[in-house]
Amino acid sequence: MLWCTDNESSYNLSAEDILKNFSVLYVEDDKNAQMHIQELLADEVKILYQAFDGEEGLKIYHEKNPDIIITDIRMPKLDGIGMMKQIKSKNRCKPIIVTTAFDDKETLLETININIHSFIPKPLNIDLLFSNLYDIAINLQNKIDAEKARRNEVENLYYKAHYDLLTNIPNRTLFHMKLDQAINRAQRNNSIVTLFFIDIDNFKQINDTHGHHVGDMVLKKIVQNIEETIRLEDTFSRISGDEFSLILEDISDKKSIETIASKIAHACQRSCQYENITIKTSCSIGIAQFPQDALTKEDLIRKADQAMYQVKRTQKGTYKFSS
Numbered sequence: 108m109l110w111c112t113d114n115e116s117s118y119n120l121s122a123e124d125i126l127k128n129f130s131v132l133y134v135e136d137d138k139n140a141q142m143h144i145q146e147l148l149a150d151e152v153k154i155l156y157q158a159f160d161g162e163e164g165l166k167i168y169h170e171k172n173p174d175i176i177i178t179d180i181r182m183p184k185l186d187g188i189g190m191m192k193q194i195k196s197k198n199r200c201k202p203i204i205v206t207t208a209f210d211d212k213e214t215l216l217e218t219i220n221i222n223i224h225s226f227i228p229k230p231l232n233i234d235l236l237f238s239n240l241y242d243i244a245i246n247l248q249n250k251i252d253a254e255k256a257r258r259n260e261v262e263n264l265y266y267k268a269h270y271d272l273l274t275n276i277p278n279r280t281l282f283h284m285k286l287d288q289a290i291n292r293a294q295r296n297n298s299i300v301t302l303f304f305i306d307i308d309n310f311k312q313i314n315d316t317h318g319h320h321v322g323d324m325v326l327k328k329i330v331q332n333i334e335e336t337i338r339l340e341d342t343f344s345r346i347s348g349d350e351f352s353l354i355l356e357d358i359s360d361k362k363s364i365e366t367i368a369s370k371i372a373h374a375c376q377r378s379c380q381y382e383n384i385t386i387k388t389s390c391s392i393g394i395a396q397f398p399q400d401a402l403t404k405e406d407l408i409r410k411a412d413q414a415m416y417q418v419k420r421t422q423k424g425t426y427k428f429s430s
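Quick note on this note's numbering: the sequence shown kicks off at 108 and runs consecutively.
Keep in mind the hints are simulated off the structure, nothing from the lab.
Take these hints with a grain of salt, some might be off.
Said to hold, decoys possible - Between beta-carbon pairs, the in silico distance windows are: (1) Lys184 <-> Arg295: 54 to 64 Å; (2) Gln312 <-> Gln288: 35 to 45 Å; (3) Lys184 <-> Glu262: 43 to 53 Å; (4) Phe237 <-> Glu335: 50 to 60 Å.
Claimed, not checked - Here are the simulated lysine to aspartate or glutamate pairs, EDC-like style, with alpha carbons at most 20 Å apart: (5) Lys311 <-> Asp412; (6) Lys328 <-> Asp412; (7) Lys197 <-> Glu217.
Note that beta-carbon positions come from the ideal geometry of N, C-alpha and C, so glycine has one too.
Please build the complete structure, drawing on both the sequences and the hints.
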């Protein structure tokens with residue numbers, strides 16, 4: 108018998124509680140048996156589907172995709188074996204419990220070869236039925252837990268690879284991806300991409316004087332202040348220790364860009380308070396535009412970087428367009 112599963116569950120739930128997370132399809136042509144299962148399972152599972160033959164059971168399977176199937180073998184229209192074969196051809200790991208009074212060895216062997224989860228002879232042993240249902244439910248939950256853990260790990264790895272862990276904004280890697288995308292859109296739409304390079308003035312002195320823990324606090328505060336001045340669709344990234352970038356799309360007039368640059372410069376000039384220490388900061392901003400100043404990503408970055416360093420040499424705390 109086949110069971111596809113992961114071995115450990117992270118849930119500290121009872122088997123009864125876990126079973127309530129899953130739906131069950133019961134396929135049986137005996138009305139009394141159906142009523143009995145209805146009484147037993149209706150409140151113990153997420154949803155109980157019921158069918159009176161394999162054809163109806165197959166229809167419910169395709170429409171509702173129940174988590175667990177309990178089925179008789181001998182039924183009109185389509186018997187349990189025919190139904191199970193069709194289900195297993197689509198989902199080899201679908202857990203199926205077979206309940207039957209039919210004891211022909213060849214037929215029973217055929218059900219086992221279909222890779223059912225378990226076989227319970229009639230009349231039903233209720234304790235055995237629930238024991239099997241709990242076993243299946245726990246294994247299904249294990250599989251869900253493992254998949255969630257895998258997705259979380261993938262998301263965590265992606266985040267670490269693409270975001271700055273101190274400030275929680277995009278890092279250099281994601282910046283390059285976003286800039287490539289922005290330039291591609293601008294080429295298609297005949298529009299403009301504006302790139303800001305932002306450097307925190309005298310940041311090394313802050314670290315040397317007050318320590319890196321204070322420097323980290325200052326960076327986080329500056330990032331918070333700048334984020335309050337820009338749009339959600341703008342890409343604000345940390346390029347290196349004290350250098351940041353901002354990608355703007357769909358803003359063409361120079362006056363609007365100057366307004367944004369002024370707001371960012373002002374945001375960087377807000378004093379940061381740490382215990383009894385007041386730390387004054389400023390930033391120098393270089394601005395370059397695609398395609399006016401550069402036709403490639405590399406040239407656009409170089410032009411913005413050059414403009415930023417010209418500001419740092421001449422008048423820190425302000426901004427300059429590439430020329």
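Exercise for the section: Please write out, lowest number first, the hints stated earlier that are contradicted by the structure. Expected result: Those not satisfied come down to hint 6.
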